[in-house]
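Asks: Chains as they are written, first to last, in my numbering: chain A, 1 to 483; chain B, 1 to 483.
Warning: the hint list may mix true and false statements.
Same chains, same names: a pair is fine if it fits in one copy or spans any two.
Each computed EDC-like pair below joins lysine to aspartate or glutamate, with the alpha-carbon atoms no more than 20 Å apart [to be verified]:
#, residue 1, residue 2
1, K403, E382
2, K329, D139
3, K69, E88
4, K69, E58
5, K327, E70
6, K386, D397
7, K69, E182
8, K91, D244
9, K329, E389
10, K69, D194
11, K320, E70
12, K44, E114
Honestly, the hints are just simulated from the structure, not real lab data.
Protein chains: 2
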Amino acid sequence: MRGELSWQKDKKLVEAITSMDVDFAQWYTDVVKKAELIDYSSVKGCMVIKPAGYAIWENIQNELDRRFKETGVQNVYMPMFIPESLLEKEKDHVEGFAPEVAWVTMGGLEPLQERMCVRPTSETLFCDFYARDIQSYRDLPRLYNQWCSVVRWEKTTRPFLRSREFLWQEGHTAHATAEQAEERTELMLNLYADFCEEVLAMPVVRGKKTDKEKFAGAEATYTIEALMHDGKALQSGTSHNFGDGFAKAFEIQYLDKDNQLKYVHQTSWGMTTRLIGAIIMVHGDDNGLVLPPRIAPVQVMIVPIQQNKEGVLDKAYELKEVLSGFKVKVDDSDKSPGWKFSESEMRGIPVRVEIGPRDLAENQAVLVRRDTHEKITVSLDEINEKVAELLGTIQHDMLERAKAHREAHTYEAVNMEEMKELADHKPGFIKAMWCGCQECEDQLKESVGVTSRCMPFAQETLSDKCVCCGKPATKMVYWGKAY
Amino acid sequence: MRGELSWQKDKKLVEAITSMDVDFAQWYTDVVKKAELIDYSSVKGCMVIKPAGYAIWENIQNELDRRFKETGVQNVYMPMFIPESLLEKEKDHVEGFAPEVAWVTMGGLEPLQERMCVRPTSETLFCDFYARDIQSYRDLPRLYNQWCSVVRWEKTTRPFLRSREFLWQEGHTAHATAEQAEERTELMLNLYADFCEEVLAMPVVRGKKTDKEKFAGAEATYTIEALMHDGKALQSGTSHNFGDGFAKAFEIQYLDKDNQLKYVHQTSWGMTTRLIGAIIMVHGDDNGLVLPPRIAPVQVMIVPIQQNKEGVLDKAYELKEVLSGFKVKVDDSDKSPGWKFSESEMRGIPVRVEIGPRDLAENQAVLVRRDTHEKITVSLDEINEKVAELLGTIQHDMLERAKAHREAHTYEAVNMEEMKELADHKPGFIKAMWCGCQECEDQLKESVGVTSRCMPFAQETLSDKCVCCGKPATKMVYWGKAY
Chain A
1 MRGELSWQKD
11 KKLVEAITSM
21 DVDFAQWYTD
31 VVKKAELIDY
41 SSVKGCMVIK
51 PAGYAIWENI
61 QNELDRRFKE
71 TGVQNVYMPM
81 FIPESLLEKE
91 KDHVEGFAPE
101 VAWVTMGGLE
111 PLQERMCVRP
121 TSETLFCDFY
131 ARDIQSYRDL
141 PRLYNQWCSV
151 VRWEKTTRPF
161 LRSREFLWQE
171 GHTAHATAEQ
181 AEERTELMLN
191 LYADFCEEVL
201 AMPVVRGKKT
211 DKEKFAGAEA
221 TYTIEALMHD
231 GKALQSGTSH
241 NFGDGFAKAF
251 EIQYLDKDNQ
261 LKYVHQTSWG
271 MTTRLIGAII
281 MVHGDDNGLV
291 LPPRIAPVQV
301 MIVPIQQNKE
311 GVLDKAYELK
321 EVLSGFKVKV
331 DDSDKSPGWK
341 FSESEMRGIP
351 VRVEIGPRDL
361 AENQAVLVRR
371 DTHEKITVSL
381 DEINEKVAEL
391 LGTIQHDMLE
401 RAKAHREAHT
411 YEAVNMEEMK
421 ELADHKPGFI
431 KAMWCGCQEC
441 EDQLKESVGV
451 TSRCMPFAQE
461 TLSDKCVCCG
471 KPATKMVYWG
481 KAY
Chain B
1 MRGELSWQKD
11 KKLVEAITSM
21 DVDFAQWYTD
31 VVKKAELIDY
41 SSVKGCMVIK
51 PAGYAIWENI
61 QNELDRRFKE
71 TGVQNVYMPM
81 FIPESLLEKE
91 KDHVEGFAPE
101 VAWVTMGGLE
111 PLQERMCVRP
121 TSETLFCDFY
131 ARDIQSYRDL
141 PRLYNQWCSV
151 VRWEKTTRPF
161 LRSREFLWQE
171 GHTAHATAEQ
181 AEERTELMLN
191 LYADFCEEVL
201 AMPVVRGKKT
211 DKEKFAGAEA
221 TYTIEALMHD
231 GKALQSGTSH
241 NFGDGFAKAF
251 EIQYLDKDNQ
261 LKYVHQTSWG
271 MTTRLIGAII
281 MVHGDDNGLV
291 LPPRIAPVQV
301 MIVPIQQNKE
311 GVLDKAYELK
321 EVLSGFKVKV
331 DDSDKSPGWK
341 FSESEMRGIP
351 VRVEIGPRDL
361 AENQAVLVRR
371 DTHEKITVSL
381 DEINEKVAEL
391 LGTIQHDMLE
401 RAKAHREAHT
411 YEAVNMEEMK
421 ELADHKPGFI
431 KAMWCGCQEC
441 EDQLKESVGV
451 TSRCMPFAQE
461 TLSDKCVCCG
471 KPATKMVYWG
481 KAY
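So that you can see chain A by itself, here it is in the shape it has in the complex:
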């Protein structure tokens, strides 16, 4: 065993965060602050995303953007303002969003003739544009996306999960037929789900929202739902099929090959900085953030031990070159190794490399996994291969652990007693049958405190009766408490 006191983890930094079992909400807040992901700002309900947080978002952006473009998507940029008359063009949509937008009423020193909201989402802007842009079947499909920020005037806010301004991407497509729109809606939902599982190591349930929970103005909303460590669900990405509802409201028509004017069919789909909240709550532990290697801004932190001893720092820099195929840093600050260990753990860096005088003498280094704290001594001759292998193992294991957690916290209920018992005592997903009527949904919310998360694509038959009213069931639904 390594005996130096300075090699121990520094307790002060760790003790600065609340244990997740004591108070999960406080643990979350502590992690976002201590891992330096965000700072609060003087603008109520809005946050400052600091470098460590923004770098995660950049990685999410790069990977999603690449996947979007592979399916033919092109990026554009729409204005951030929506004149009130434009927002009002689609009835369901304006009802959904008007109560929670910020209104600009003055431009410079003069009142505006028509007030404008800051976009809460840009369906109306894209529709207004498509009405001019699309003339012929040759113009279809239009597969546009934008990366931007949007504003929703929330009353209670939490970093990444619910803030008045957040960053996202919103894709908006227009198609010749209903089938093509449906195909795109599902394609993007599956792209989102694959991204979450492959890159974020976060398993998701893929399914359809009930009418009550669908997006304002959509014919159908598909969703991916992830389970957080505390057993609450988090909606992690949505994909909407609008049919021709917006097209009719905005007169978006094209001249088809048969010389007939037809309405387009539209979709939209989005993912947000909320995903960073999901990463924290799926993978984090009492030492802080735990980042999956594929999304980590720093994958390997090299910590020199007794760095003032001859050759140690030089070897650390040399290792950085050897490991330059990864995102690697050397912590050569004048902090103690123990403090550096804690900081590296707090920030969720997947692998720590410890290298000290004894290691130098034995031509070795110690790799420490962030997710399991396991230590592995490796020869410096094969450190590159070992780190590559370890990062792959960590990525794999993190997904498997998150899956196991979800399986262990997914329950079934066939009547209201079971439902209530589970909701009160077993945080997690509850699978239960449903008749399809909104009254039962309302009652489950009121008396049990759960909402329908989704009707999963992978349906099962748990019983033939609705868990609430006992009438014939039409769908198996995931229920839960949600962020």
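Following the hints, put chain B in place on chain A, whose structure we already have.
Replies: What follows is chain B alone, placed relative to chain A:
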């Protein structure tokens, strides 16, 4: 010579744009529309940036972001709103911006207690953040940047050049000493200038703004000024040294090694979507946009001739694979070759590859330069090397041509008669000596119609007297009409 009529350029598309010599402003507007860079929107003064325009911006972003990060810059994200009391904290700054901001006065259904503007720039937000974030000399320097959109309530707008909302990056740094702030200010200005010359093939004059023209709240503003084809100047990037003015207004202090509390010294620097306007006006011609290869979203367009003849399309796709090291596309639409030529030229694609049945037979293809229209027949065996060489040549030649144009349109004046004669009849930069007082600047604007563009780093002595008042000159200044 190739004889087929369909090989000729299609006149219809070209005739759709006004000649730049007839009406430069209209030519510009025609190009942004016909090259499909933007569309107007229902939001007055705001534009829709279409895929062809946004892809140029993405390339600018990628290249600048890489260069920023090489100098240690990290990206962050600040709220888009600024509470009025925050905007008012620095006196000069609020005077400069308050008349041109958009005000949010309602959140949801309720009036705000304090109105907020949509950021016109984010000095005040960064300062508010730094006041909390910076404690010790260990926290310095802070080298933060953000990519976002900003809003300035302009009365008259033009796509890319002046719009109510535009995209940009804004870097905001904090340093321990005045020297370090000055060093960063100059570093970023030179980074901008190098980027313009190396990537955009756009020569710029590097210099300092006069007090009258500097940024609201800055001690010094450095600028790069480019000359457009019509002889007007375009400010293409600025870098500001704030000294400790903002630090004092916002109480941004750090505890130094000597245990003294000291104010930080700050800088900010920005580049915007305006650069796309500059690219258009420096390189464009009467056939449309001309893009430098290093910034072009599509560098090579392969146009099959008589594409229904056996083997032609297959060879076109094969060539695409051969040329896959470049950004390459095949135009396999059912339009005529002539139409495709015009479209490819309108969009500014640097190299067109024509391949038809006769070329197939002779194992050759024809490369056509967008910038000179020169045609070069090359063997298919060496097309990859030839295209690489040609793209390099085009990039080089475009910069040289733009330099030659600027040299040919840079004049000198030593008295007001010469100044007026040049300003009235010779569009371009006018170099002239200046005493340093704002009265002369005001008078030059009023009676000659020019503004000071910058005091170039590369000073010359043209005379020892101010061109306006005849008093002793202190600086040589570039004067001009500007966008």
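Asks: Compare the structure with each hint and give your call.
Replies: Results for each hint:
1. K403 to E382: Neither, since 32 Å and 53 Å both go past 20 Å.
2. K329 to D139: This pair counts as between: shortest inter-copy Cα distance 18 Å, intra-copy 48 Å.
3. K69 to E88: neither (32 Å within a copy, 43 Å between copies)
4. K69 to E58: both (16 Å within a copy, 13 Å between copies)
5. K327 to E70: between (25 Å within a copy, 15 Å between copies)
6. K386 to D397: within (16 Å within a copy, 49 Å between copies)
7. K69 to E182: Within one copy only: 19 Å inside a chain, 41 Å across chains, cut-off 20 Å.
8. K91 to D244: Only inside one copy: K91 and D244 sit 14 Å apart there, 52 Å across copies, limit 20 Å.
9. K329 to E389: Only inside one copy: K329 and E389 sit 18 Å apart there, 38 Å across copies, limit 20 Å.
10. K69 to D194: within (15 Å within a copy, 30 Å between copies)
11. K320 to E70: between (33 Å within a copy, 17 Å between copies)
12. K44 to E114: between (26 Å within a copy, 11 Å between copies)
This entry does not satisfy hints 1 and 3, going by the numbered hints stated previously.
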